[in-house]
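Peer 1: Quick mapping for you: the protein sequence lines, in order, are chains A and B. The first sequence begins at 1095 in my numbering and counts up one residue at a time. The second sequence begins at 1112 in my numbering and counts up one residue at a time.
Be careful, since some hints might not be right.
Cβ-Cβ distance ranges computed for the label pairs, FRET-style [to be verified]:
| hint | chain 1 | residue 1 | chain 2 | residue 2 | range |
| --- | --- | --- | --- | --- | --- |
| 1 | A | D1147 | B | E1358 | 42 to 50 Å |
| 2 | B | P1350 | A | E1162 | 43 to 51 Å |
| 3 | A | G1208 | B | R1161 | 34 to 42 Å |
| 4 | A | P1128 | B | E1113 | 24 to 32 Å |
| 5 | B | I1367 | A | R1177 | 49 to 57 Å |
In case anyone wonders, no lab produced these hints; they're calculated from the structure. The structure displayed is predicted, hence computed values, not measured ones. All C-beta atoms in this analysis are idealised placements derived from N, C-alpha and C, irrespective of residue type, glycine included.
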Amino acid sequence: MRVTFTVNGRRHEADDVWEGESLLYVLRERMGLPGSKNACEQGECGSCTVRLDGESVCACLVAAGQVEGREVVTVEGLADLARQRGETPAEGAADAGLSPVQKAFVDAGAVQCGFCTPGLLVAADELIEHNASPSDADIREALSGNLCRCTGYETILDAVRLAAARTGQPAGAGAPDAGPDAGTSQGGAI
Amino acid sequence: MEFLRPASWQEALAAKAEHPSAVPIAGGTDVMVEINFDQRRPGWLMDLNRVPELHEWETGEDSVRLGASVPYSRIMENLRAELPGLALAAHTVGSPQIRNRGSVGGNLGAASPAGDSHPPLLTAGAEVEAESVRGSRRIPVEEFFTGVKRNALAEDELIKYVHIKKATGPQQFSKIGTRNAMVIAVCGFSVALHPESRRVRAAVASAAPTPFRATEAEDFLSAALDEEGLWDSDRIVPPSVARRFAELCSAACKPIDDVRGSAAYRRHAVGVMARRTLTWVWESYRNGGRGGARNDEGGTRCA
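Can you build the whole structure from these sequences, using the hints too?
Peer 2: The following block contains the structure:
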């Protein structure tokens, strides 16, 4: 079957889509958007998290046919999404085109093997969009559907705190450091 | 495989009548897992996302009419006052991504003994409205679960609404798992106080082939509260009464040993959850509270 929907603001069309195929497969294998990662295929790990009509969902659990005519934002579209919200993208040669959340992950060193990062970025971006000053409990809950197999959760939490702090600041104000807050949260599973 | 995309409820019923083996898909959080893992290859997949009434809810005088596909996130955000037990249970489902897609209708359709919606539906009092081209009927939720992952739906029927009684007293939900998110319940428990009828309802998940109400425990507790005149007093439930209630809840279980837990553990855990959740709802009742949603700010209270 043919499926047509909007991805990151652009209309995409895919032909010969199998009826049982997931949105994730269509994005990665048919639309050339491999940012969303394929890991568990059962909604456990969150590495395929995308926005579907604004809501965070696991792309592996959405049937491609269900997305007909709808709007999807993937990790590849986060910078554009941030720009639409009026946020300033990162500057400088290395960071050009990164959304504030992506920049915060880089600055906080929240990336180890990187496989979970796209899903975490999309989930964290949605959290901050709705809650500019999340508590640690809010962050843990918002990211509770995303697994990091490197277990690098502490720096991920630091990155989200940093991104939230920067988002909450008036334009032009200096960004706080990632460091001092790093040790304040409790360890353990989310 | 054929992908059916009914644009209205009538179209969906007609499609289901024509293809009784069509598998309805709403959030996809169960169905897509089975398809991804090649455990299921239905001839027809029927997308219900385009049927508007399934995504709506309406609060009436005594009950809430909940569309089958209303995601758990909406229940948590919008129906906490009317359906505190279900809202608490909804908050324990999967993760934010799963709660944005999964729904009570899907939970009922899958009819897993471990479904998180089931105990609060049983304790609040609920009816499942099923419809086919032949007509519509309301199935009391107690009669809906017929076996492990089996329900009372005929093959041409679809779940349209769930009619759930609005809370008249505090309600609670508790579940055992290895962490707060992404857990299929080792076992689950819900309790609801119904002060207007001076009854207590208790229900258990994942400790028998189907979710069930612990009616003997309910009867014992309701009688004991009456006998001791506790509904009109400011007193706590005597520990001996709470203990007996817990024992009866445990005794009503018919659990199995499986990967998530042993039968003995489940029986024990149900007793512990029964005692604790009873303490919580009674405390809320004594404090004049109606809702049971007091423990989900800043992390769920440990059960």
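Peer 1: Starting from the hint list further up, note which numbers the structure goes against and sort them upward.
Peer 2: 2
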